[in-house]
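Novice: The chain contents come next:
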Amino acid sequence: MQNVTFDIWWTVALGTIALLVMTVGLVAAVMTGKQKELVTKKRQLEELTISERKYRNLFEQSPAGMLRITTDQWNVVDANHALLRMFAVETLDEVKEVLYTMSPQDREYLVERFSAGQSVGDYKTLLHRKDGSEFWISFSASIHSLDSFIEGVIIDITTRRLAEEKIREQALLLDQAQDAILVLDLNKTVRYWNKGAERLYGYESIEVIGRNVVEYLSGVDGAEGFDRAYELTVQYSTWAGELHQKKRDGTAIITDCRWTLVRNPASEPAGILQVCTDVTDRKRLETRFLRAQRVESIGIFATGIAHDLSNTLAPVLVGVEVLKRKLLDTQSQRLLKAIESSAKHGSEMVYQVLSFVKGVEGKHAKLNPLKIVKDITGLLGQIIPNSVTVRTRISDTVSPVIGDSTQLHQVLINLCTNARDAMPQGGELTFSVENVSVSKEMAAENTDAAEGAYVVFSISDTGIGIPAVEIHKIFEPFYTTKEIGKGTGLGLSICLGIVKGHKGFMTVKSVEGKGSSFKMFLPAASEMKDGVQGSDFQ
Amino acid sequence: MQLPLIVYVVILVQSSVVLLGGFRYRSLPHSLRILEWFLVVTLGVVVMGVVLSLFHVHNLWLSHLYTLIELMFIVLLYSSWIKQKQTRSVLLVSLLVFFVFWIVSKFTFEPFSIDDGWTATFSKVLQIIFSALLLVEVVRENEIVWMNDMRLWVVTGIVVYASGTLFLFAFFNRMLQISPDRLKIIWSLNWILTIITNLLFARAFLCKT
Numbered sequence: 209m210q211n212v213t214f215d216i217w218w219t220v221a222l223g224t225i226a227l228l229v230m231t232v233g234l235v236a237a238v239m240t241g242k243q244k245e246l247v248t249k250k251r252q253l254e255e256l257t258i259s260e261r262k263y264r265n266l267f268e269q270s271p272a273g274m275l276r277i278t279t280d281q282w283n284v285v286d287a288n289h290a291l292l293r294m295f296a297v298e299t300l301d302e303v304k305e306v307l308y309t310m311s312p313q314d315r316e317y318l319v320e321r322f323s324a325g326q327s328v329g330d331y332k333t334l335l336h337r338k339d340g341s342e343f344w345i346s347f348s349a350s351i352h353s354l355d356s357f358i359e360g361v362i363i364d365i366t367t368r369r370l371a372e373e374k375i376r377e378q379a380l381l382l383d384q385a386q387d388a389i390l391v392l393d394l395n396k397t398v399r400y401w402n403k404g405a406e407r408l409y410g411y412e413s414i415e416v417i418g419r420n421v422v423e424y425l426s427g428v429d430g431a432e433g434f435d436r437a438y439e440l441t442v443q444y445s446t447w448a449g450e451l452h453q454k455k456r457d458g459t460a461i462i463t464d465c466r467w468t469l470v471r472n473p474a475s476e477p478a479g480i481l482q483v484c485t486d487v488t489d490r491k492r493l494e495t496r497f498l499r500a501q502r503v504e505s506i507g508i509f510a511t512g513i514a515h516d517l518s519n520t521l522a523p524v525l526v527g528v529e530v531l532k533r534k535l536l537d538t539q540s541q542r543l544l545k546a547i548e549s550s551a552k553h554g555s556e557m558v559y560q561v562l563s564f565v566k567g568v569e570g571k572h573a574k575l576n577p578l579k580i581v582k583d584i585t586g587l588l589g590q591i592i593p594n595s596v597t598v599r600t601r602i603s604d605t606v607s608p609v610i611g612d613s614t615q616l617h618q619v620l621i622n623l624c625t626n627a628r629d630a631m632p633q634g635g636e637l638t639f640s641v642e643n644v645s646v647s648k649e650m651a652a653e654n655t656d657a658a659e660g661a662y663v664v665f666s667i668s669d670t671g672i673g674i675p676a677v678e679i680h681k682i683f684e685p686f687y688t689t690k691e692i693g694k695g696t697g698l699g700l701s702i703c704l705g706i707v708k709g710h711k712g713f714m715t716v717k718s719v720e721g722k723g724s725s726f727k728m729f730l731p732a733a734s735e736m737k738d739g740v741q742g743s744d745f746q
Numbered sequence: 035m036q037l038p039l040i041v042y043v044v045i046l047v048q049s050s051v052v053l054l055g056g057f058r059y060r061s062l063p064h065s066l067r068i069l070e071w072f073l074v075v076t077l078g079v080v081v082m083g084v085v086l087s088l089f090h091v092h093n094l095w096l097s098h099l100y101t102l103i104e105l106m107f108i109v110l111l112y113s114s115w116i117k118q119k120q121t122r123s124v125l126l127v128s129l130l131v132f133f134v135f136w137i138v139s140k141f142t143f144e145p146f147s148i149d150d151g152w153t154a155t156f157s158k159v160l161q162i163i164f165s166a167l168l169l170v171e172v173v174r175e176n177e178i179v180w181m182n183d184m185r186l187w188v189v190t191g192i193v194v195y196a197s198g199t200l201f202l203f204a205f206f207n208r209m210l211q212i213s214p215d216r217l218k219i220i221w222s223l224n225w226i227l228t229i230i231t232n233l234l235f236a237r238a239f240l241c242k243t
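Those protein sequences? They're chains A and B, same order as listed.
All residue numbers for the first sequence refer to our numbering, where the first residue is 209 and numbers rise by one.
All residue numbers for the second sequence refer to our numbering, where the first residue is 35 and numbers rise by one.
By construction, these hints were calculated from the structure, which means they are not laboratory data.
Among the hints, a few may not be true.
With a straight-line cut-off of 20 Å between C-alpha atoms, the simulated EDC-like cross-links for lysine to aspartate or glutamate are [said to hold, decoys possible]:
id: 1; chain 1: A; residue 1: Lys-249; chain 2: B; residue 2: Glu-175
id: 2; chain 1: A; residue 1: Lys-249; chain 2: B; residue 2: Glu-171
id: 3; chain 1: A; residue 1: Lys-708; chain 2: A; residue 2: Glu-653
id: 4; chain 1: A; residue 1: Lys-244; chain 2: B; residue 2: Glu-171
id: 5; chain 1: A; residue 1: Lys-242; chain 2: B; residue 2: Glu-171
id: 6; chain 1: A; residue 1: Lys-250; chain 2: B; residue 2: Glu-175
id: 7; chain 1: A; residue 1: Lys-250; chain 2: B; residue 2: Asp-149
id: 8; chain 1: B; residue 1: Lys-218; chain 2: A; residue 2: Glu-653
id: 9; chain 1: A; residue 1: Lys-244; chain 2: B; residue 2: Asp-183
id: 10; chain 1: A; residue 1: Lys-249; chain 2: B; residue 2: Asp-183
id: 11; chain 1: A; residue 1: Lys-403; chain 2: A; residue 2: Glu-373
id: 12; chain 1: B; residue 1: Lys-119; chain 2: B; residue 2: Glu-171
id: 13; chain 1: A; residue 1: Lys-244; chain 2: B; residue 2: Glu-175
id: 14; chain 1: A; residue 1: Lys-242; chain 2: B; residue 2: Glu-175
id: 15; chain 1: A; residue 1: Lys-332; chain 2: A; residue 2: Glu-359
id: 16; chain 1: A; residue 1: Lys-532; chain 2: A; residue 2: Glu-548
id: 17; chain 1: A; residue 1: Lys-242; chain 2: B; residue 2: Glu-144
Sequences are here, hints too, so could you generate the full structure?
Specialist: As structure tokens, this is what we get:
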């Protein structure tokens with residue numbers, strides 16, 4: 209019993225102490241835990257407050273307009289000072305009024321986007337202030353995930369837009385220019401490429417912008433000239449000169465270029481502005497003009513010689529006539545005949561030179577080209593060997609031409625003789641005549657040509673051809689590929705003179721080793737009633 | 035019969051706390067006014083118990099009644115603080131169950147002639163559970179100013195008293211049978227806890243409202 213009593217007292221005492229400690233400890237633990245949680249929350253709250261204050265400062269100090277609006281009616285919940293200044297308003301309700309001045313289409317689009325929970329980035333629209341002034345804005349906004357408000361940033365882009373429009377107008381002006389205008393950076397990458405450049409080089413701007421230009425603008429002989437000009441521009445800030453370049457289709461062109469080094473605001477080289485003009489046609493005409501001048505000079509020189517030579521030969525011929533009557537022996541007669549022949553040949557040469565220089569003016573009449581062809585083909589049998597096959601292609605109807613029959617016969621015989629001489633081993637000579645219409649582009653290629661209807665006589669052979677480097681010289685007087693003594697070098701020059709005297713022009717195409725084709729273009733006259741039909745020659 | 039000195043100290047402390055509550059009564063919130071009335075009743079019960087014992091009049095019935103009144107006041111007080119309806123319902127249902135238990139106990143195993151060990155123990159257990167429920171709800175709140183939260187002072191006082199006296203009440207009758215003298219000594223613990231609890235209540239009265 210004593211033990212039980214002792215146990216109860218201790219049970220009560222210890223139990224009480226244990227329960228007290230336990231409950232008080234539990235309360236203290238809960239409170240301490242909560243206290244820690246509260247301290248953490250308080251710290252987080254302070255950090256949040258600091259962050260909010262920081263972002264509030266950003267919001268208020270931002271030069272861009274910022275606002276919060278409701279998704280349905282666009283009621284403005286908050287807007288910063290920059291926005292109020294931009295909109296020229298003082299209250300949030302007035303902000304809404306200005307927002308509502310955007311076009312119905314724009315508003316409808318934005319409402320649709322926001323309704324779908326989508327954001328908007330850099331959406332440009334026009335607003336009107338209360339004083340009636342217009343201003344362009346860039347509107348970027350998204351829906352806040354927590355409270356479903358639209359948070360937006362608005363930037364006044366009126367000035368930028370005006371500048372862009374000005375740049376666009378200037379770009380349009382640059383596109384109107386006939387010259388190729390392009391800008392390269394220092395890595396030779398294209399930054400600007402106008403329509404003129406597209407026309408000149410054949411590349412669209414979208415193809416070349418952002419790419420290295422050398423592969424596009426190098427000449428047929430490589431990039432050496434381009435690179436040299438580039439280096440000079442970088443070195444001396446400007447460069448002007450001619451470049452041999454090629455188009456997209458491979459056509460070689462000559463461009464007159466003015467390059468300028470473009471500097472950035474810090475005066476550091478930033479790129480090169482290139483203005484290039486296609487001078488290919490001008491250069492070709494210049495070359496022909498120079499050649500014509502040279503021919504004219506030679507003609508003047510030759511005229512002087514011819515006159516002197518004529519004066520020198522005249523006594524020889526007179527003396528031969530006198531001696532032929534005095535020296536009657538056979539040997540003397542033979543020698544005198546040889547002297548007379550040489551002197552006459554010399555006189556003929558002098559006559560030809562004078563004819564070439566003075567121009568040949570015969571008696572012009574309306575001629576049927578088919579009649580001329582018929583006459584020539586009749587003569588060809590005597591001057592063309594059997595090893596050469598003659599083919600004739602005549603159009604059914606050919607317009608008449610105005611000219612001197614004898615001179616035209618001379619030209620055609622000369623061309624046929626040249627064709628024969630080009631085919632010593634035999635071949636094929638094709639003689640054709642047809643009506644052609646010379647276009648403006650074709651006329652531009654030949655100084656003597658004019659746009660209109662022509663009758664073209666063609667003599668083509670399958671002979672040795674003319675080297676490409678010499679083809680531009682063949683109409684020059686005294687130029688010949690024949691052996692010395694076999695040709696005077698005046699044949700084609702005289703032919704060209706005759707054709708020019710008929711207001712026509714000549715062209716030649718030749719491939720070395722494959723043959724040549726000469727064409728004589730004569731202006732077409734009005735139709736003849738009783739001309740020879742082409743079917744007569746088939 | 036001479037009472038221990040600590041009983042007078044308890045009366046003095048309780049009276050002081052009641053006076054403090056009364057002095058600040060106008061500025062007290064509804065819940066603390068309930069507490070004030072609870073303390074007035076408690077003081078009355080203690081004083082009456084002392085007077086009856088001094089005149090050798092049986093006073094155990096007073097203890098029985100006080101056990102019921104005490105729990106009713108605590109439920110009323112906690113209900114004014116607990117916001118969740120379910121928790122309040124738990125308190126009220128528990129009070130109802132306790133009341134039934136109390137009635138049954140008076141007519142069966144724990145009449146007014148003996149100490150109400152079982153009902154008092156049951157009451158203390160319920161008080162601890164109710165306090166825990168209130169504490170859980172308070173802790174869930176985001177904003178708590180610990181030193182100035184009257185609920186925490188009151189709950190701490192009630193929990194300290196209930197847990198500290200649970201074993202005393204549970205074994206009161208047994209201890210009385212074994213050694214009344216020793217019981218008097220150990221019963222001092224009840225008085226000490228009463229003083230502590232009243233001091234905690236006084237602190238609650240001083241909280242800013």
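Novice: Given the hinted pair Lys-244/A and Asp-183/B, is their alpha-carbon gap at most 20 Å?
Specialist: 17 Å, holds
Novice: Lys-532/A and Glu-548/A were given as a pair; does the straight-line alpha-carbon distance stay at or below 20 Å?
Specialist: Distance ~10 Å between Lys-532/A and Glu-548/A Cα, so the pair holds.
Novice: Does Glu-653/A sit within 20 Å of Lys-708/A, going by the straight-line distance between their CA atoms?
Specialist: Measuring from Cα to Cα gives roughly 16 Å; hence the hint holds.
Novice: Is the Cα-Cα distance between Lys-403/A and Glu-373/A 20 Å or less?
Specialist: 18 Å, holds
Novice: Mind checking the alpha carbons of Lys-250/A and Glu-175/B for me, to see if they're no more than 20 Å apart?
Specialist: 13 Å, holds
Novice: Decide if the proposed pair is consistent with the structure: Lys-249/A and Asp-183/B, CA atoms, cutoff 20 Å inclusive.
Specialist: 18 Å, holds
Novice: Are Lys-332/A and Glu-359/A close enough, with their CA atoms no more than 20 Å apart?
Specialist: 16 Å, holds
Novice: Need the status of pair Lys-249/A, Glu-175/B: alpha-carbon distance at most 20 Å?
Specialist: 12 Å, holds
Novice: Does the structure keep Lys-242/A and Glu-175/B at a Cα separation of 20 Å or less?
Specialist: Within the cut-off at roughly 9 Å; holds.
Novice: Regarding the pair Lys-242/A and Glu-171/B, is the alpha-carbon distance no greater than 20 Å?
Specialist: Holds, at roughly 12 Å.
Novice: Regarding the pair Lys-249/A and Glu-171/B, is the alpha-carbon distance no greater than 20 Å?
Specialist: OK: Lys-249/A and Glu-171/B at ~18 Å, within 20 Å.
Novice: So if I understand the rule, the pair passes when the alpha-carbon distance is 20 Å or less; does Lys-250/A with Asp-149/B pass?
Specialist: Status violated; Cα separation ~51 Å.
Hint violations for this structure: numbers 7, 8 and 17, all remaining hints satisfied.
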